[in-house]
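Protein chains in written order, with this note's numbering: chain A, 3 to 271; chain B, 41 to 306.
Calculated directly from the structure, the hints in this document are not laboratory data. This one's a predicted model, so the numbers in the text were calculated from it and none came from an experiment. Hints are supplied without guarantee of correctness; some may be wrong.
[What the hints assert, rightly or not] Computed, partial: chain A to chain B, Cβ under 7 Å: (1) Asn161; (2) Glu165; (3) Gln166; (4) Val168; (5) Gln171; (6) Gly174; (7) Ala181; (8) Arg183.
Positions of the beta carbon are idealized from the N, C-alpha and C atoms, including for glycine.
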Amino acid sequence: MNIVPGRGSRLALALLPFVVIALVYVVGSAERRAANPDDKLLPPISEMAQTVHRLAFEPDRRSEETVLWTDTAASLQRLGLGLGIATLIGLVVGLAIGLLPVVGSTFASLIAVLSMIPPMAVLPILFIVFGLGELSKVVLIVFGVAPFLVRDLALAVGNLPAEQLVKAQSLGASTWQLAIRVVLPQVMPRLIEAVRLSLGPAFLFLISAEAIAADVGLGYRIFLMRRYLAMDVILPYVAWITLLAYLLDFALARAARHAFPWAYVQERR
Amino acid sequence: MSAISIRDLWLEYGNQIVLERINLQIDAGGFIALVGPSGAGKSSFLRLILGQERPTRGAILLDGEPLRSEPGPDRGVVFQRYSVFPHLTALENVLIAFEFASSPVLARLRGEARRDALAKSAALLQEVGLEAHRDKYPSALSGGMQQRLAIAQALARRPRVLLLDEPFGALDPGTRAQMHALIRKLWHEHGTTVIMVTHDIKEAFGLGTRLIALDRTRLDSQAAGRYGATITYDLDLRRDGPVPVLGFLKTPAPLDGANINQGISP
Numbered sequence: 003m004n005i006v007p008g009r010g011s012r013l014a015l016a017l018l019p020f021v022v023i024a025l026v027y028v029v030g031s032a033e034r035r036a037a038n039p040d041d042k043l044l045p046p047i048s049e050m051a052q053t054v055h056r057l058a059f060e061p062d063r064r065s066e067e068t069v070l071w072t073d074t075a076a077s078l079q080r081l082g083l084g085l086g087i088a089t090l091i092g093l094v095v096g097l098a099i100g101l102l103p104v105v106g107s108t109f110a111s112l113i114a115v116l117s118m119i120p121p122m123a124v125l126p127i128l129f130i131v132f133g134l135g136e137l138s139k140v141v142l143i144v145f146g147v148a149p150f151l152v153r154d155l156a157l158a159v160g161n162l163p164a165e166q167l168v169k170a171q172s173l174g175a176s177t178w179q180l181a182i183r184v185v186l187p188q189v190m191p192r193l194i195e196a197v198r199l200s201l202g203p204a205f206l207f208l209i210s211a212e213a214i215a216a217d218v219g220l221g222y223r224i225f226l227m228r229r230y231l232a233m234d235v236i237l238p239y240v241a242w243i244t245l246l247a248y249l250l251d252f253a254l255a256r257a258a259r260h261a262f263p264w265a266y267v268q269e270r271r
Numbered sequence: 041m042s043a044i045s046i047r048d049l050w051l052e053y054g055n056q057i058v059l060e061r062i063n064l065q066i067d068a069g070g071f072i073a074l075v076g077p078s079g080a081g082k083s084s085f086l087r088l089i090l091g092q093e094r095p096t097r098g099a100i101l102l103d104g105e106p107l108r109s110e111p112g113p114d115r116g117v118v119f120q121r122y123s124v125f126p127h128l129t130a131l132e133n134v135l136i137a138f139e140f141a142s143s144p145v146l147a148r149l150r151g152e153a154r155r156d157a158l159a160k161s162a163a164l165l166q167e168v169g170l171e172a173h174r175d176k177y178p179s180a181l182s183g184g185m186q187q188r189l190a191i192a193q194a195l196a197r198r199p200r201v202l203l204l205d206e207p208f209g210a211l212d213p214g215t216r217a218q219m220h221a222l223i224r225k226l227w228h229e230h231g232t233t234v235i236m237v238t239h240d241i242k243e244a245f246g247l248g249t250r251l252i253a254l255d256r257t258r259l260d261s262q263a264a265g266r267y268g269a270t271i272t273y274d275l276d277l278r279r280d281g282p283v284p285v286l287g288f289l290k291t292p293a294p295l296d297g298a299n300i301n302q303g304i305s306p
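Let's have the full structure, built from the sequences with the hints guiding it.
See the structure below:
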């Protein structure tokens, strides 16, 4: 607990597990290849690099599009729309529930019940109601993420010290002014934290919806390639999705610290 | 500068009676120190005047008008903690009071109005000695500085009554002495009626022009909440008042009790 690594060794320690996993993979892949030249389960890195190059830089023979980028664009658009709408709902509804007792009494239990419905269970309903297009995938993400965001934000609003709300009113703030100048900025860091935590579920819903009904997208491609046991496509795609999620998370964390420096003063390094 | 009159005030939470039979006339411009043991309803009393709670019975009048039962800009307040907004710098913490006043929709000022409000805010910070720390967030300020900021903020809307709920309770003795000097100076300059709840008897006698003690006078050993606290002492602490105040030589005054319960006029 008291042995703290320095800056350089911290980086080295963080990289160590990745290096070990890569080594294990390379060795395992080479051994399987030696035993069976047609092995598809653990393709060598060189083969995967070739596939990635083909997917990322050469247009597809049939559709004339570079597959990786069209998949990525389609998936990120769905994810961005879904998360964006969910965040907006979480912000507005969560703020109203947390701040206004009348709204809280009316909607808090409804949101609590909604958040207990497994989103994947309503996916058939979404497909029936909204069709198999983009809309149903976006709605699935919203449905899966928004109730959590609403509840988390309502809690954050409820945790603001009552003194601050009284103080703002004693400075002449109306409920609206108090909401936008006192409550909103103070819960924004928490909202971003909640969205970061929602990235995992959001990707889960995205990939699931794409696996079931789509004609383009990262999840669609993975499940399509499964039929051909094409691990040389699936593995890089998984790595690419992971990288995207990680970068999104990192960007959100950075943005929060940049926009709300006061909220992170007490943070332990 | 404002007079408060309280008539037969009761405060009950369910079966529990917190305050009972409170009758009080507070004249404009006084500095009322409110003392009493823990649980005697000092803070509840302050919350009633603040409008955060409603009395079960009785009435509170501010300058003859019934008090609006929600917090408003006519009553400023400084709490022991959480009195400033952590997401705003010291200057913005004061500025926001002016922004609430003049920009109902966005609560933000622009151009001339903003420059004006900024100048006023800076002047207030100067008054409490925080001009060097105007761009710091509250988390970078010491406890005493945060309370100075809270006081500057509370004075921005020129409240008729300033309510202080153990404002210096969490400060070290040296800082507390500085704060006493500051609050005394501001009270003289702004002429606001001040009501301060405190645990510190010395502070109460040192700052107040009138001391009011709340306590339970009746106790039912079977039901602890059966009787509430009421005013047990009401002392006039001005130099010419009837109570001997440490550090001041007393000129002999006719003691007919007329001064007691009369409050003070500045």
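Here is how each hint holds up against the structure:
1. Asn161: Violated: closest Cβ of chain B sits about 12 Å from Asn161 of chain A, beyond 7 Å.
2. Glu165: 4 Å, holds
3. Gln166: Given a least distance of 6 Å, the restraint on Gln166 of chain A holds.
4. Val168: 5 Å, holds
5. Gln171: Where the cut-off is 7 Å and the nearest Cβ of chain B is about 4 Å from Gln171 of chain A, the hint holds.
6. Gly174: Nearest chain B Cβ about 4 Å off; hint holds.
7. Ala181: Violated, because the Cβ-Cβ distance from Ala181 of chain A to chain B comes to roughly 10 Å (cut-off 7 Å).
8. Arg183: Where the cut-off is 7 Å and the nearest Cβ of chain B is about 5 Å from Arg183 of chain A, the hint holds.
Hint compliance for this structure: hints 1, 7 are not met, and every other hint is.
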